[in-house]
Each structure stands twice: as C-alpha cells, then as structure tokens.
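J.: Now for the letters of each chain:
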Amino acid sequence: MKFSHSLPFRNLKGKPVRTAILILLTALLSLTVFSGTLMITSLKTGLHSLESRLGADIMVVPYEATTKSSLENIVLQGATGYFYMNADKYQKILEREGIGQVSAQFFLASASSGCCSTAVQIIGFDPDTDFTITPWIKKSYGNTLQKYDVVVGNNLNLFVGDTVTFYGKECHVTAKLDKTGTSFDTAVFTNQDTIKALIQSSLDLNMNTFQNIDPEQVVSCVMINVAEGYTVEDVVNDINIHVKKVKAVRTKEMISGISDSLAGVSDVIGILIAVVWGLGIVILLLAFAMSINERKKEFAVLRVMGASRNRLAGIVMQEALLTCLFGSIVGIAVGLLVILPFNQLIEEQLNLPFLLPETGKIIGYVISAVIVSVISGSLTAGVSAFRISRIDTALILRGEN
Amino acid sequence: MKKITCILDAILCLLSALLCLGTKFLFHACAPKEDGSWMACHWAEQTVFGLGITLLILSILTFVFKDGKTKSGVQISMTVISALTLCIPNHLIKLCMMPDMRCHSVMKPSVMIISILLAVFAVISGICHRKEESAL
Amino acid sequence: MMLKAEKISKEFVREMKNTNRFTAVQETDFTLESGTFTVLTGRSGSGKSTLLNMLSGLMLPTSGKILLNDTDMYALSDKELSRFRNQHIGVIPQGQTALYSLNVLENICLPYTLYGEDAHQQEALHLMEQLGIADLQNAMPSELSGGELRRMAIARAFLRKPELILADEPTSDLDDENTRIVFSFLRQASREGSAVFAVTHESNAVQYADRSFRMDAGVLTGQFI
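Protein chains in written order, with the working numbering: chain A, 1 to 401; chain B, 1 to 136; chain C, 1 to 225.
If we strip away everything but chain A, and leave its shape as in the complex, we get (with noise of 0.2 Å):
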C-alpha cells in the first residue's frame, strides 16, 4: 500500500484546515527552541571568541583613553577610533615586576577608504613580541607580512589579492581572517612597520586628530600575559600606581560587561522558549484531543471492522509523527531562512558579540529540534492516543440514536 494511501495521511488530508492549524503549532514551537538555541549558542561562540582575540590578561592604555570611554567602544564595540602614548611608558612598563609576555599594538582609523563612506580600524601590531594577533593569523596566512601588506576582518567586502588605499598608501590584502563575531571582524591588521608608515602618512596629509607626534616614538597600547607567580590583580595595581598617565585593564574587566549582558539575552531567551513551549504544549493538547473527539465515531467504526487497540493509537500518533515532523521542519527552515541570512542585523541589534557556530553545529542543532518537537508533539497526542484505545466502541455506536 502506498503511503499516500494510508489512513494516517489521509486522515490529515481531509481536514486541510485542521491539519494546518497542528502543523503551524508545531512549526511554532520548533521555531523557537531551534533559532533560541542557534541565538544562545552563537552568542556564546561569539564572547568565547572574543575572550580568545583579546588574548592577554592585562591591556595597559593612555590615561585619557579610559576617560572618552573610547576604550571599549574601540575594543569592544568596533568603533574606530585611536589614542597614543610614549613609547617610554612602554620602557618602564617592561621594568615592572611581573610581566610575562608583553606587545605592543598600534591603532589607527582610515579616513573613508575604498568604496564606502566608513572608516575601518586599523591595528598594527609587532611580529617579534605579539601573542594576541600572529596565532590567529597563522591560520590563515602562514609567511610573515611584508611592509603595506595587509590581513583583513572576515567581515570586509574585500578579498585576497586587492588592493586597498589608506591615507594615500596602496596596501595589498594577503590573507582574510576567519570570522570572529566580533569587532575584529571589520579590522585591518598590519605589522608595526606598515602602521608607522600610514600614521606618518596620516600626519603628512593633516588628516590625523594628533598633531605633533612621532609615529617611532608612540603606542596605542600594550598587551600584557602575567607572569607565573604574579596575580594579575598584583600587576595591575602595579603598573597603575608606578607608571604615570597609563591605564591597565584587566581584560577580563573589560568583557564582564558584555557577558553580563549575554546572560541576560540568553536568559530571555530562555524564558520565551519556555513560555512558547509550556502554551504550545497545552494548545497542542487541547488540538490533539479535540481532533480526537469529534472522530471517535469514525475510531468506533474502526473497531468494529477489525481494528485492535494498538492499531487504533497507532493511526493517532501516525498522524501526530506525520504532522511535528512536517511541522518542525517547516519551523526550522522558517528559522534558517531567518537567522542565517540576518545574522549581521541581529549583530548589530544585540550589539553583542555573534558568531555562528560552524555548520556541522547547526545541522546538529536542526536534527536535535526535530527530535525534540516529535517527541513532545508525539508525547502530547500520546494522551489522546491512550484515551482512543480505551474507547467503549459499542457506547460510541449507540451514542448516536
């Protein structure tokens, strides 16, 4: 007997409006626990992320950056923006007692550049001492930069092998990061001897908020790893009693803001899952059993051509696997087509960092939420199913005269 022939499906066939009604619940629910947990899970790939990019326990900046609030804006945020110090405070940070790895970085800000009207951040870094941005890089670039190469955020409309111009000076893209989720994805990094050329150049142009410095003798920041023995809470204290107009954050300080902010979208979240899924279990309930009832004339004549018990249940969970199926699968592409494509304006939305698990995750996470929805959808009609074997078929049969 072909499917399409069995009584299940043509059970559900004949009430379309019926039917549509179970199948967008279903659809509902599945919805909401599969892009719920695709939000909660990118969202925590996404800070995990950047826990891993920022990469040092300490970032020591100029005073007067922590006060324009810039600081995490630019860090954290994606904002560009940039600040300098001496490059002697980055001397007398290296006396400091404690100090493990140690870098410095660079920042700068294009003017609007290229096609668009944005400006992107620019960091340089130092390829003898950095330990936050040459790991990352090495993924996908393995030979050292070249002076006016560039490695560019996965997230810029550029590719490997073009050029781009900042301040009058042509760079060559030689590799593309991976995605993050996070600001780093809209950076450009360089090594330090690229970054002095353009600041330089920036000067040159009149075109760099900072007048008189000397590209040779300033930092952006510093990075800092403590070293064994040494608390980071010891280090930081240190160097902000002991070294003058600089400011060390401990990073950890600098992300508990954005992790507190996750917590609370995740549990959100959390609540609105289990919300949509405490009502929709109920209404399925109620759906099931009412669909149910009103053929229990239909499941009687059943019986008496020769239906057992179980054959009975069997028909109504047949129809309730047929329709969470169909339904959950329809509710996860509507999530697919939904979150995958907008995943850059829920970014912005959250304005948290976001990242998309990879796609072995996500297909993981789209056959768990059709589990999930079959089971509790199925469990649901599993009570109308039990009520259906139980039926007084001869009662039923009578009921009507």
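Since the hints were made in silico from the structure, they are not lab data. C-beta atoms are modelled at their ideal positions from N, C-alpha and C, and glycine is treated no differently.
Dumping the calculated BS3-like pairs for lysine-lysine here, alpha-carbon to alpha-carbon at most 30 Å: (1) B:K66 x B:K131; (2) A:K147 x B:K94; (3) C:K79 x A:K13.
Taking CB as the label site, the calculated pair distances span: (4) A:I21 x B:V120: 17 to 27 Å; (5) B:V120 x C:R180: 56 to 66 Å; (6) A:L285 x C:Q26: 38 to 48 Å; (7) A:N310 x B:L84: 48 to 58 Å; (8) A:V276 x C:A134: 48 to 58 Å; (9) B:L14 x A:K147: 51 to 61 Å; (10) A:D267 x B:R130: 44 to 54 Å; (11) B:V120 x C:F12: 50 to 60 Å; (12) B:A31 x A:T144: 38 to 48 Å; (13) A:L285 x C:Q137: 30 to 40 Å; (14) A:L24 x C:T221: 56 to 66 Å.
Mind docking chains B and C on chain A? Use the hints.
T.: Same frame as chain A, but now just chains B and C:
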C-alpha cells in the same frame, strides 16, 4: 484552474510585487553619501528593482495566458530570473565594504529570501500547471 | 459456521440512579447458523443492540461465553479478537459510519486495507453494483444520502465474505424502497451461506427472515417461521 495553483500564482505575484516595492521602500540599499553621490550598492538596488518589475509582469502574465504549457514556460523563466536576482547583491554587483552597512545587513538577506521563495514557488507552480495540463 | 452463545447475560452498573445494577440481557442461550437469516425485533432499550454487541466481540458479557466455530471469542487477546472480527464477522453498525476522509470505494475496501492487504477493488465494485451505488465509487461520504451511506456500510461489511453478518438497525431512517433493498440483500447473503443476524424495530423485516426473535426487557423469546 485548480484552487491550489491559483493560490500559488497569486503568491508569485505578491512576492514579485514585494521585491519591487521592498527594494525601493522597505529594504533599500545604503542612503547616498553626504555629497549626494551614490555608492555601488545603489546600482545593485536598481538592478534588483528592474528584475522585480520583470518578475511582476511575468507573474501577471500567468493569469492572462490560458494554456497550461505556456504558463509553466513563463514560470520556468521566472525561476531563472529569480536565481539571477539572488546573485545580484554582492556577487554580480559588489556592495559596500562594511558589513554593518544597510546594503549588507538588510537589503542582501531580504532580496535573498524573497528570490529563493520566488524560485521555489515558481518551480512548484510550474509543475502544477504541467500536471493539470496532462490531466486534461 | 456455528455461533453459539451459552448462558450469556449483560449487566450494567448505573452510576446515576440508586439501583446499582441493571440487567440489559437476561441469561440466554442463542445460536446462529450459516445459511439462515435471523431477525430480532423489540422496542428500543430492550437489549437488542447489547446482545448484538456481545455477539460481535465488542462487549464482554457479564456471564457465559460465546463460541464461534468452537473458538471462545472473549478468551482471545484484543489483538487476536480484532483480527478474528476482521476476518470472520461483518458488522453493520447503527447510524452513519463512514470515514469522512476516504471516498466511498476506499471506505468499502477498509476491511482489507486496514491490515495492509490488497484492496480487492473488483469485489468491492461488484458489491456496489449489486447495491446500486456503483457510480458513487469516487464520491466522498459527505455527498451521499442516508440510504446510500447505509448501502455503503453494508458493502463494507460484506467485502471479506464473512461467515457471520451482524446488522444493527440496518434500515433505520431509510424509506420503504431502501428498506426493501437492504433486507433483500441480507436475505440473499444468507442464501449464499452466511449466517445473517439483524436487529431491527421494523416489524415487516420478519417476512424476509428464516427465524425471528423478540426481545422484551432483556428476555429473548424465539419462534421459527
């Protein structure tokens, strides 16, 4: 004509209209620069609008033609044009450099979803028209 | 084929009234044989349908047992009894008994398709022809009149050529013409070897029957014609 194919054709009509009006008013590309000049994404928007008009005319034509084969032919061309529309933003015509700009975050995904839906519905409707034709 | 009901009775517990127990069918011995058309008449509420339901294996008697070809029906498991009913008993229940998502032909073929067997459509069409509903095979039950629906239910009950046919008020709500068609058909079936048992309040059903019984307040009184 069966009710279901009629509904499918109406959906195609609505989606094409949404593509035309949407690219102009709902999910348009980036605004012009301060000096009034347009960025590359504007031309992508214009092209999508043009293709949208074509799709809209074709979808209206399916109601005008009586012959099932002609209808399904029109829908095959709609499928091809929808696929082309899908490729316009950033593949055939480059969009802006920053991903957080409107053309990337709003226009591209919207055009993507609508043209995928258009292609899918056009294929289904085309098959339905063929089936109806052979059933006669 | 021989159906033997030995000392069966049925009591119901009434929850609403103070009298706890109510006897629908008093202790009765009863047999049905192949080739005979048996009619049971009586007023509504006299226990006719209860007896029929017990015979069809849908209602466990309070006492006694029912043997069909020496098989004790109620000693079987639900699965076995269901399959047994499917293969050996054709039941025409009261009222409209169509499955509204299937067309008429599919409804009639259900006794086979329910167990995933070949639908036996030719036989179904032949029955439909005999019952005068051959042109309705693709119609949906909602488009049928009461008489047509009843004839559909009859065709369905006869499809597997069951040895025992039990009909509960097969002619209620039917006009004289349809009543005549139905009773002639039941009689014809008995001539072809089935044991046919019809419960009805139609007094002129007796003229088609080989045996007729009457039931009053759960007491069966029999007579042979």
